[in-house]
Each structure stands twice: as C-alpha cells, then as structure tokens.
Amino acid sequence: MKGVRDSNRTLRSGFLRSSEAFPNRPALEVGGEVWSYRRLHDRAASIAATLMRRAAADGPPLTAVFAYRSPTAFAGVLGTLFLGHGYVPLNRNFPASRTRTMLERAGCRALIVDSQSAQQLDHVLDGIERPLLLLLPEVVDVRAIAERWPQHTVLGSGDLEPPEVWEPSGVSPDAIAYLLFTSGSTGVPKGVMVAHRNVVAFVDVMVDRYGIAEEDRFSQMFEMTFDLSVFDMFVAWERGACVCCPSQKTLINPGKFIQEARLTVWFSVPSVGVLMKRLGLLRPNRYPQLKWSLFCGEPLPLEIAQAWSDAASQSVLENLYGPTELTVACAVYRWDRETSASQCEFGVVPIGQPLSEMSTLVVDDALMEVAEGGAGELLMTGPQLTLGYWQDANKTAAAFVVPMGLNKVYYRTGDRVRRPVGDQPLIYLGRLDHQIKIHGHRVELGEVEAALREAGIDAAVALGWPMTSSGAEGIVAFLGDRSADVEAIRERLKRRLPGYMVPSEFHVLNALPLNSNGKVDRKSLLKMLEVSV
Amino acid sequence: MSRVMAEDVRSFVLTRLAGPLRAKGLTVQDVPDDFDLLTEGVIDSFGIVELISSVLEAFGSDVDFEDLNAEDLTIIGSFCRYVAEKSVPVNRQ
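The listed protein sequences derive, respectively, from chains A and B. The first sequence begins at 461 in this note's numbering and counts up one residue at a time. The second sequence begins at 1450 in this note's numbering and counts up one residue at a time.
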C-alpha cells in the first residue's frame, strides 16, 4: 500500500475502502456483538442519510456523538464522517454541565446518542436554546423524550433512512475531522481542530510502521474524548482489521480480555500497565499472541516497560508521544530489552524520534534552539500540525508560533525534553507549566483552581500529589480561607469536573503562602505535603 | 494464622467504604452480595484501584486477579470470595 496515495483522502476513506475489500470481516466487537464491515458501514450510512435529510443545514460542519462503548458510539463517529462533518465526542461519564459546555461551544446542530447516554439527556439539554436534531439509533420509542423537549427534533431507530439513500458528498482534506476538547487553563475546555489531512498523515505512518493487516485485532482502551482512540479505530479500519471494545469494567482488569479477544495490537496509557502489574497480570509470557505493545499519553515508567515486555514477550514494545495538537502521536521510541534501560532518565522511557515527516526543535525561553544535550521546550511541526483552537485565535497564536529565523509554524508542546546528541532519543523531562497527567488524563491545574474559585474560594491552589514517574496520583487542593465548607465545595466540583480532576484532599489554611514575587508559593505547599508524609 | 474468610474481606472493604456508603443512605449491613461498587456509584475506577491495593496489603500481596472475570471485580460478594480463596495463610503447615 506504500507508494502513491491519493492526496484527497479523508478520515473515512480507509474504512470505506476496507468495507468494499472485506465486507464480511469483523470491523468491531462491542457489547458481545460482532459488527462486520458491511453492517457497520450500513449503520453509519443510515445515520448519515438521516442527518442529511433531517438536520438543519446551518451551523458549523460538526456533529456531536454522545455515546459510550456502544455500537452507536462507533457508527455515530463513522456516520458523522460519512455526512462530511467532523465529529465532536462527548462522554456521559463527564458531568453534564461540562458536556453541555462542549456541545454549545462547538455549535453542533445534531447529536447522535446511544440508549444508555440518553438517560442523561435531560441534564445535558437543560438550558440549551438552539434547536437540535437528536438521533437515537438504538431507541425504538422516543416519544417521551420528544414530549419533554418540544424545541428539539427527536428521531429513533424507526426514523433511520435506509443505507442506500446515503450519497457521499465531497469533503476537503483541510476540513475538521474531529474537534476534541482538552483541559483549558482558564477553566473552559479548549477545542483542538484536527484536519483530515493531519489524521490521514498519522494513520498512513502507523499502518506502514506496524504492517497492519486484516487479521489484526486492536484493543480499544481509550475513551473517544481521548484522541488516542483515533489510533484504535482508524489505524485498524484502514487495513480491514477489527476494533475490540471492552466494557467499562474490563478497563480495570483487562488481562482476560487481551487473551479472549485474541488481541494482536495493544494500546493504552502506561497507568493501565501499572495497575495490571499491581493485580498480578503481568507474569512472564502471559500474552504471547500480542504483536505490538504500544503506550502513549503519559510518561512510561521503566519498570512497566520491562514487566510488559516480559508478559508480551513476542511483541515489540513502543513508547509513543504526542499532544492532541500534533494529532495523536508524533514521536516514538522502540524499547530494546538489552539497551533501553541505560537510555532512561528519571526512570522514564525516552520518547524517541519524531515520526517520519515530523520535525523537532528544542528551545529556550526566547525560542532559540538549545545546544545538543541541553534541556528545553519541545516544539514540533510537520503534516500532523493541527489547525489550532476552535474559535480562539489568541490561544492559537500563543501556542502555534514561528520561531525567529524560521519560516514554519511550530506547536509549543509545553513539554521539557533533552535535545538528542547524534542519534540518541529525545528524553522527556516533565511539563513546563502546571499541566499534569493523572492516570493518563491531561489536567490543567488552572482549570481545577478555576472551579474552586467558582465555588467561592478566591485563594485556592491545586497540586498534583503524590507525584509519580508518570504525573501524579491525584490532586490536592489548598484553600486559603478558614471559613471554607469543604464538603460543599467537593460536591460542587464533582458536578463540574470529571472524577480524576476532583481533589482527593483539601487543606484549609488561614492564607496561602506567597513567594518573593508575590505569587502563591507552590513549592512551599508541596513541601508541606512532603513533610506530612 | 487461620485462613482468610470472605467475611473478613467484606468487613474490611465495607469499613473502608462506610463514608461513601453512608452518603448513599446505606449501612454496611444493607449491602447485598451482588452489590456493584462501581455501577452503584460508591467508588469510581480509581477508587477501585486504591481499594484493591489496600486489600492486597491487608490480605496477601501475592493474589493475582487473572482468574476473576472483569465484570466480577467490582461486585462485593465475588470480589471478597476471590480474595479469600486466593490468599495464602501465612503459617499454613
């Protein structure tokens, strides 16, 4: 498949080609059901045809998918792409208010909903004025929802158009393939606009690198609101392989799933490996059928790479790196049993080399390149450089920059790395700002602090604690206000933030300590935590 | 040392979770065998991880969970029976 590739391809192209080449092969296993390429194609085509007939033509070309580990989650994503829209993934495990903010900010006119997520619709729709088309492909009787929400059009399974009605419309490779909201420092999630050409470039590199074929079976450990799920779906579907979606509970204890689903490609955050090791699921040669063991999303601890490569001894283990703004992953390091341990710094596996057409620049505060072997912020550019932030020119301009003396736009990752000497790998050294990883989820501590302020606490600091080699175990909040009602604040945050962003501990002080610049002294707060251990 | 009984594990787990259970209007005695800690909202997936770590610390760090169905991990009865069954008494002769 290498060689000349059509430059007009979009994210749906690979699936469409595979559904012609392998109509009867499994494309998806979810909820104990197998969906062949033909069946999944037809469901997606029905969804697209229905939206084309019934949805309002105004508004941005974006459709939201409010579904979780269900056939509709996958058919909804594909149906959106068949329609020619970009998809906006929403997650019912997030607080309804957060989901509502994303839906409103994206300006979607249509929402595809699975039956389980439909139970939350009342909370999500509360306060939304704009008329929406709600399509519930799994629900036969939608009358009750329609009666409660007369301003919206509600369609159920009986309203689906036949798949033959779908007519593909042209889609520009520059159009948005998906709009993904990540944690924002001002308290409002930022929408990253990923173009078709970005993600097609990424998928091309991946299928070649891993030699994916129709017999391959992929894990699907990531939520769709996490862009690493794009790898699972679209790298598999590009070559006719199968996406195996475990239940929510299986995510915690996936050992049997790896074996019973006969996975050949594993992809998860390192935290899953940490947990599996704790549960005794990484005994040597436990997963001999795995061909590829891939990790991404947070720093990969050395001991997990070692344990995993013993457990999946026939597989090649790679550590991928990349922010959403550079399309899923943009650098990769191949683990070598003999030599890799000596290349690790701080017990963390290197992030390796940029993917084929991506290039790096390691810079100091003035955006000047540091010397070989020096540490600085990682900047990257190339075909996976995304379009920037949705309706936020200021944030886009701040993060997507042209360094002096160069003529290309680079994305400032905010990650500190060591610039390689010769052919050495890039070494990850940590975050520049206060963005941390908690169990693989990217968290801007400023967003937690913004929520605390909203709860009435002006002097509030959120810290990742206890620190781990891959980020932090959780969040600890310091409140500089003796009158703070901790239980009320906790309840309020729970309604606003995903569980992993709600502080596990609250320390109430008379006031927050300040440093010589008059800024809150985070270091001394961290010291207080260290002393208390 | 005697064998670990499922009841011991259950009592340990529910004592740890007394707070969140109370918040749901439940007492330790109310919790049925097929109670699902995750779907009932008593703990989230990270809470499960913390809980398992403390159970392993208390009842035997060698327990591995490979034979437990993923679906049963968060069900109080099946989880406690599994831990009891797999825990090796320290002074077994």
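Careful, some of the hints might be misleading.
One side only, chain A facing chain B, incomplete, derived with CB under 10 Å [what the hints assert, rightly or not]:
#, residue
1, L735
2, R743
3, R746
4, Y960
Partial chain A-side listing against chain B, Cβ under 10 Å, derived [stated by the list, open to error]:
#, residue
5, F717
6, R738
7, H967
8, N970
9, K987
10, V991
Since the hints were derived computationally from the structure, they do not count as laboratory data. Since we're looking at a predicted model, the values are computed, not measured. Each residue gets a CB set at the ideal place from its N, CA and C atoms; glycine is no exception.
Results for each hint:
The interface hint given for L735(A) holds, since its Cβ lies 6 Å from the closest Cβ of chain B, which is under the 10 Å cut-off. The criterion of a C-beta within 10 Å of any C-beta in chain B is met by R743(A), whose closest approach is roughly 7 Å, and the hint holds. For R746(A), the suggested interface contact is upheld, since its CB lies about 8 Å from the closest CB of chain B, less than 10 Å. Given hint, Y960(A) at the interface with chain B, holds; its Cβ is 6 Å from that chain's nearest Cβ, closer than 10 Å.
Proximity of F717(A) to chain B holds as hinted, the smallest CB-CB distance being about 6 Å (cut-off 10 Å). A cut of 10 Å between beta carbons decides the hint on R738(A): the least distance to chain B is about 6 Å, and the hint holds. For the restraint placing H967(A) at the interface with chain B, the shortest Cβ-Cβ distance is roughly 18 Å, beyond the 10 Å limit, so the hint is violated. The closest approach between the C-beta of N970(A) and any C-beta of chain B is roughly 27 Å, which is over the 10 Å cut-off, so the hint fails.
Because the beta carbon of K987(A) sits about 25 Å from the nearest beta carbon in chain B, more than 10 Å, this interface hint is broken. A cut of 10 Å between beta carbons decides the hint on V991(A): the least distance to chain B is about 23 Å, and the hint is violated.
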